[in-house]
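Engineer: Use these hints to put chains B, Y and U with the ligands onto chain D, whose structure you have.
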Amino acid sequence: MIGIVKLKYSFDIAEKLVLLKLNKNSIKKVRSHFPIFEAHPNLVYLDNAATTQRAQSVVTAQSHFDLYENANIHRGIYDLSNQATQKFENARTEIARFLGSGNANTVAFTQGTTASINIVAQSFLAPRLQAGDNIVTTIMEHHANFIPWQMLAQKYQVELRIVPIDKNGDLDLVQLSNFLDKKTKLLAVSHISNTLGTIHPLDEIIGLAKRKDIPVLVDAAQSACHFEIGVDPLNCDFLTFSGHKMFGPFGIGILQVSEKYLTDMMPYNYGGGIIKDVKIEKTSFRNFPHNLDAGTPNVSGVIGLAAALEFISGIGKPDMQSHLNKLTLYALDQLSQVPGIKIIGNPKRRIGIISFNLKNIHPHDIASFLNKDGIALRAGMHCTQPLLNAMGLQATARVSFSIYNNEEEINKLVVSLKELMRFWS
Amino acid sequence: MIGIVKLKYSFDIAEKLVLLKLNKNSIKKVRSHFPIFEAHPNLVYLDNAATTQRAQSVVTAQSHFDLYENANIHRGIYDLSNQATQKFENARTEIARFLGSGNANTVAFTQGTTASINIVAQSFLAPRLQAGDNIVTTIMEHHANFIPWQMLAQKYQVELRIVPIDKNGDLDLVQLSNFLDKKTKLLAVSHISNTLGTIHPLDEIIGLAKRKDIPVLVDAAQSACHFEIGVDPLNCDFLTFSGHKMFGPFGIGILQVSEKYLTDMMPYNYGGGIIKDVKIEKTSFRNFPHNLDAGTPNVSGVIGLAAALEFISGIGKPDMQSHLNKLTLYALDQLSQVPGIKIIGNPKRRIGIISFNLKNIHPHDIASFLNKDGIALRAGMHCTQPLLNAMGLQATARVSFSIYNNEEEINKLVVSLKELMRFWS
Amino acid sequence: MTKQELQKLFKNEILPENENPYHFQEPQTASFTIEAYNSMCGDKYTLYFNTSEGQITSVYFYGFGCALSKASISIMCKSMEHLSPKNITALSDQFIFTMDQEHSTKNADKKIQMLQQLKHFDGRVDCIKLGWEAVKNHFENADL
Amino acid sequence: MTKQELQKLFKNEILPENENPYHFQEPQTASFTIEAYNSMCGDKYTLYFNTSEGQITSVYFYGFGCALSKASISIMCKSMEHLSPKNITALSDQFIFTMDQEHSTKNADKKIQMLQQLKHFDGRVDCIKLGWEAVKNHFENADL
Ligand SMILES: Cc1ncc(COP(=O)(O)O)c(C=O)c1O
Ligand SMILES: Cc1ncc(COP(=O)(O)O)c(C=O)c1O
Chain D
1096 MIGIVKLKYS FDIAEKLVLL KLNKNSIKKV RSHFPIFEAH PNLVYLDNAA TTQRAQSVVT
1156 AQSHFDLYEN ANIHRGIYDL SNQATQKFEN ARTEIARFLG SGNANTVAFT QGTTASINIV
1216 AQSFLAPRLQ AGDNIVTTIM EHHANFIPWQ MLAQKYQVEL RIVPIDKNGD LDLVQLSNFL
1276 DKKTKLLAVS HISNTLGTIH PLDEIIGLAK RKDIPVLVDA AQSACHFEIG VDPLNCDFLT
1336 FSGHKMFGPF GIGILQVSEK YLTDMMPYNY GGGIIKDVKI EKTSFRNFPH NLDAGTPNVS
1396 GVIGLAAALE FISGIGKPDM QSHLNKLTLY ALDQLSQVPG IKIIGNPKRR IGIISFNLKN
1456 IHPHDIASFL NKDGIALRAG MHCTQPLLNA MGLQATARVS FSIYNNEEEI NKLVVSLKEL
1516 MRFWS
Chain B
1096 MIGIVKLKYS FDIAEKLVLL KLNKNSIKKV RSHFPIFEAH PNLVYLDNAA TTQRAQSVVT
1156 AQSHFDLYEN ANIHRGIYDL SNQATQKFEN ARTEIARFLG SGNANTVAFT QGTTASINIV
1216 AQSFLAPRLQ AGDNIVTTIM EHHANFIPWQ MLAQKYQVEL RIVPIDKNGD LDLVQLSNFL
1276 DKKTKLLAVS HISNTLGTIH PLDEIIGLAK RKDIPVLVDA AQSACHFEIG VDPLNCDFLT
1336 FSGHKMFGPF GIGILQVSEK YLTDMMPYNY GGGIIKDVKI EKTSFRNFPH NLDAGTPNVS
1396 GVIGLAAALE FISGIGKPDM QSHLNKLTLY ALDQLSQVPG IKIIGNPKRR IGIISFNLKN
1456 IHPHDIASFL NKDGIALRAG MHCTQPLLNA MGLQATARVS FSIYNNEEEI NKLVVSLKEL
1516 MRFWS
Chain Y
13 MTKQELQKLF KNEILPENEN PYHFQEPQTA SFTIEAYNSM CGDKYTLYFN TSEGQITSVY
73 FYGFGCALSK ASISIMCKSM EHLSPKNITA LSDQFIFTMD QEHSTKNADK KIQMLQQLKH
133 FDGRVDCIKL GWEAVKNHFE NADL
Chain U
13 MTKQELQKLF KNEILPENEN PYHFQEPQTA SFTIEAYNSM CGDKYTLYFN TSEGQITSVY
73 FYGFGCALSK ASISIMCKSM EHLSPKNITA LSDQFIFTMD QEHSTKNADK KIQMLQQLKH
133 FDGRVDCIKL GWEAVKNHFE NADL
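Chains as they are written, first to last, in my numbering: chain D, 1096 to 1520; chain B, 1096 to 1520; chain Y, 13 to 156; chain U, 13 to 156.
Pulled out of the complex, with its shape left as it was, chain D reads as follows:
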């Protein structure tokens, strides 16, 4: 005999209620949308730059699809497949809209930011590189926006020009401007540093590149959640981000490409779904974004991502941003009162992310002790080894905030850090 408890199909109703309109005051009650805090009432989750928590509505949308609506897409003729295809393509349209674009064909689904950037490296940039060209990026990038360019540079004998930072953790824009020349085939820069929280002046940076007609990639992994982004609003050519850093699922992300370069995007993986015609001698491919859809797409992940963006739109980015701003300022102020603390960097504009060190205490030891107080923060290099090396650091402790964090949690953090300092000395 099989024992089974059936989750009732009336799940439907739960879903509708969960998705009830969020309104102006939503930010105050937003925590209740994240069941993890119910399961772990004492959890102080400050590792949001690594991954945010998942909103109930996201998980519900995904599991509802998985349980009751699941089918493969790609031109199935039966109802389930049709409906899945429609949901999938509607999600593309919704995501384009989220990015301020009416053209769903600018939006490709990938596994995440890392995959998106690698695709640009291989499917766009590699075929146009010639010895003597250069690629410009910055010392502050996440490995995902650094190593792909470094590898291309090595393979194609191209110069990798790395924009330095000043001691505050701001990019050296003069140097950046000097780096951009006729041989520059791409400028790759993040919107927000995942280690220092620096908000780069994208307007200015992109303006410099655009004046020389240089394509620009923006790694929006840390900004997509709270900032208005998109290749159109930012005036860039490639935009990348990950679902899991904005309340959505792991394993799904976006690559948006400006209309200018749509036809320059070559396939990445080869397989089903990207084909115009397969002959023994030769295969011809569909256009972007469909030429990136090799293999069965992650339909459920796409539906989860769309639900996450709906959740974000429901709350509103301006409210989210101002909440994060307030938290960041409060945290900077409170943290500075911890004896022996050194906050890393002092950029002109920053949000949501703070790296610090405590005198004589390694970040890992900080993390172990704070874990005992229920505080989750990250210790290490945060996939930004070039940045840490440049700053003469081996590791930092990093706290990063999201909309469900509050000042009380920052107070707990400070209390714990003070206690640790007392204990250690």
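By construction, these hints were calculated from the structure, which means they are not laboratory data. Ideal Cβ placement from N, Cα and C applies to all residues, glycine included. Mixed in with the good hints there might be a few duds.
Unchecked claim - Derived lysine to any residue pairs resembling SDA-like cross-links, with alpha carbons at most 25 Å apart:
hint, chain 1, residue 1, chain 2, residue 2
1, B, Lys1513, Y, Thr14
2, B, Lys1467, B, Ala1134
3, U, Lys131, B, Glu1184
4, U, Lys56, B, Thr1180
5, Y, Lys15, B, Asn1506
6, D, Lys1182, Y, Lys131
7, Y, Lys56, Y, Tyr74
8, D, Lys1467, U, Tyr34
9, B, Lys1250, D, Gln1217
10, D, Lys1454, U, Tyr34
11, Y, Lys131, D, Asn1177
12, Y, Lys15, Y, Leu27
13, U, Lys15, D, Leu1430
14, Y, Lys123, B, Lys1513
15, D, Lys1467, B, Gln1181
16, D, Lys1371, B, Thr1180
17, B, Lys1374, D, Asn1177
18, D, Lys1371, Y, Gly75
19, Y, Lys56, D, Phe1380
20, D, Lys1507, D, Gln1429
21, D, Lys1124, D, Ser1408
22, B, Lys1278, B, Gln1225
23, B, Lys1377, D, Asn1273
24, Y, Lys20, Y, Asp112
Claimed, not checked - Computed footprint of chain B on chain D, listed as stretches where at least three residues anywhere in the stretch have a Cβ under 8 Å from a Cβ of chain B:
hint, region
25, 1365-1373
26, 1456-1469
Structural biologist: Positioned in the frame of chain D, the structure of chains B, Y and U with the ligands alone reads:
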């Protein structure tokens, strides 16, 4: 005010009950583990080769993690991250065990079969190709196991040798044997054809290649669910399959590599998580499988896949196989009684998948009409255009079975097809 | 669409057109040809256009595909004869536009009207559009 | 481990070792050196071995890392002095093995014993193993 219905944390209990032991008679009641059939009581789902339905335990495992245990892995020091890391690595060990291996380091997570094969093409094969070499594959392959080799062949001036089939839909093993020589750098073959259901005699085929020390890739997308597979049991070198074709999630799959070639696997995407050391001049990488883990892994997907394999093990592959065998024989027998039907291929061994055509009725029209009777089947080329071209076909209608299908559903299929023939003539 | 509606549609409209398609043959000569191919499903037709003094004088087609794509192309071929390239562009544009949009535009031709009413036909809209899109793409890219 | 246990562990064992590490300096000369580097977190030490007539006469270390990795290497250096390379291999093998397995093996050295009891220390086992793994890998690959 935000309205929200909270799914209770006692979800836990539901989960335990859902996972209650399956036993010898499980196959008879297995349908109750798939909630989609409760939501669509009249659904006759015969598109399992495209994707199976999702087991309740899989969706529960995933959503439980997403809601209550979610964290990024990669050496987080706090409890949530640690537990997630453990679950993730335990899943790797479980999957290795499912593949008959004690070495979890042979198992890499990918997006699916298509991604796995492309990785082998780029990260293993490409660096060892020289003009004059050859790659051997078959005319019966899915595009995912065809186009990557075709593209490599074009790029590296390598010969693509395509094993033909006889009129029954069996591979020409004499030709295959003749194709294998000192310049053969890879043999890539599927276990089961997704269009004809042919079970290839892998023992014999792999034996031929191994005698000449040629690495073998097996595309097990259609067999992983019901057959004993793994690089060790099959004596091959690369094994690929997708979670979504075995009751698991979209967006997750496996690439297993034999110990012999582990160190030959280069990174695919570049980014965080695969790094030993990043210097401005040069980056060094971790070993397989970690050098394929660029970017945040799909932890939730991996957990879902592990749950799917647990579900399969609970039922037992022998029972699943014999159920499918029975269904296939019954369907072949019943279908042959439909006037005007032509069943495509008559291979020596087949399972689970039957392609057919009806006289004067295009497969798409068949699918539209059967959809009205609640029958979901696929019409088209099934991503096997070379095969269809070789057989002089433009498209077929395809039914494919899974463990939750039964003879009654096949009866419905036959009734619908007969009615359609009557209607059409 | 219910099963009854589907049957009625096929019985009354699609199957007759499918069994007696208009100009379904490979002519000896043609002023130009257009390929209509759907890689997803294998439907493949060649459209043969004959022109004289800037007017389309006849359109033939031949190939393989489902009843819907065949019926749709048959109707299309007939409707395009004796039009100027400019009018053909307008006609195919309007047809595709109507198929893709929520709101409908009317067409005087009853059979075209019938096709346009199938815009929500599950998974089959591409079949109906196949020939029209090929024509649209051809004339859009041609110098008129 | 509770917070109290963690505090006790650090107070009694880790911090003293961390503050007075054994042979924590860069010696003028060394017979050979080994790098111990964890790329995930940036911990990086150099181990300096001096040998005489096939015996290890002294081990020094220097570098940067967390209290755990430092304490663990400090204990390791002390325990390895006056051993033969073969015995060092055996010792590091046994240490890593014990850290990775469910079942424990005992070690006579009380401090090594203490380290081995931390095998379930959340997310920090790599810190404890860092130096030992570097030594293990070195001697495994060396001709003894
Ligand atoms: C034999 C075979 N190989 C490869 C694939 C591709 O699998 P996926 O789409 O999951 O990457 C499939 C399924 O579509 C298949 O049936
Ligand atoms: C700025 C930045 N870029 C890229 C990434 C990589 O994102 P993912 O791991 O989702 O591919 C991250 C997050 O880890 C990030 O913070």
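Engineer: All hints are to be evaluated individually against the structure, with a verdict given for each.
Structural biologist: These are the hints, each one checked on the structure:
1. B/Lys1513 with Y/Thr14: holds, 19 Å
2. B/Lys1467 with B/Ala1134: Cα-Cα ~17 Å, so holds.
3. U/Lys131 with B/Glu1184: At roughly 16 Å apart (the allowed maximum being 25 Å), B/Glu1184 and U/Lys131 satisfy the hint.
4. U/Lys56 with B/Thr1180: Holds, at roughly 23 Å.
5. Y/Lys15 with B/Asn1506: Holds. Y/Lys15 to B/Asn1506 sits at ~19 Å (cutoff 25 Å).
6. D/Lys1182 with Y/Lys131: holds, 17 Å
7. Y/Lys56 with Y/Tyr74: holds, 9 Å
8. D/Lys1467 with U/Tyr34: violated, 29 Å
9. B/Lys1250 with D/Gln1217: Answer holds: B/Lys1250 to D/Gln1217 is near 15 Å, not above 25 Å.
10. D/Lys1454 with U/Tyr34: holds, 22 Å
11. Y/Lys131 with D/Asn1177: holds, 13 Å
12. Y/Lys15 with Y/Leu27: With a Cα-Cα distance of about 16 Å, the restraint between Y/Lys15 and Y/Leu27 holds, given a limit of 25 Å.
13. U/Lys15 with D/Leu1430: With Cα atoms ~22 Å apart, U/Lys15 and D/Leu1430 stay inside 25 Å; holds.
14. Y/Lys123 with B/Lys1513: violated, 29 Å
15. D/Lys1467 with B/Gln1181: Status holds; Cα separation ~19 Å.
16. D/Lys1371 with B/Thr1180: It is violated: about 41 Å lies between the C-alpha atoms, which goes past 25 Å.
17. B/Lys1374 with D/Asn1177: Roughly 49 Å separates the two Cα atoms, so the pair is violated.
18. D/Lys1371 with Y/Gly75: This hinted pair holds, its Cα atoms lying about 18 Å apart.
19. Y/Lys56 with D/Phe1380: holds, 17 Å
20. D/Lys1507 with D/Gln1429: holds, 11 Å
21. D/Lys1124 with D/Ser1408: Distance ~15 Å between D/Lys1124 and D/Ser1408 Cα, so the pair holds.
22. B/Lys1278 with B/Gln1225: holds, 9 Å
23. B/Lys1377 with D/Asn1273: holds, 24 Å
24. Y/Lys20 with Y/Asp112: holds, 24 Å
25. 1365-1373: holds (count 7)
26. 1456-1469: Check passed, 5 qualifying residues.
Violation of the numbered hints given earlier is confined to hints 8, 14, 16 and 17; the remaining hints are satisfied by the structure.
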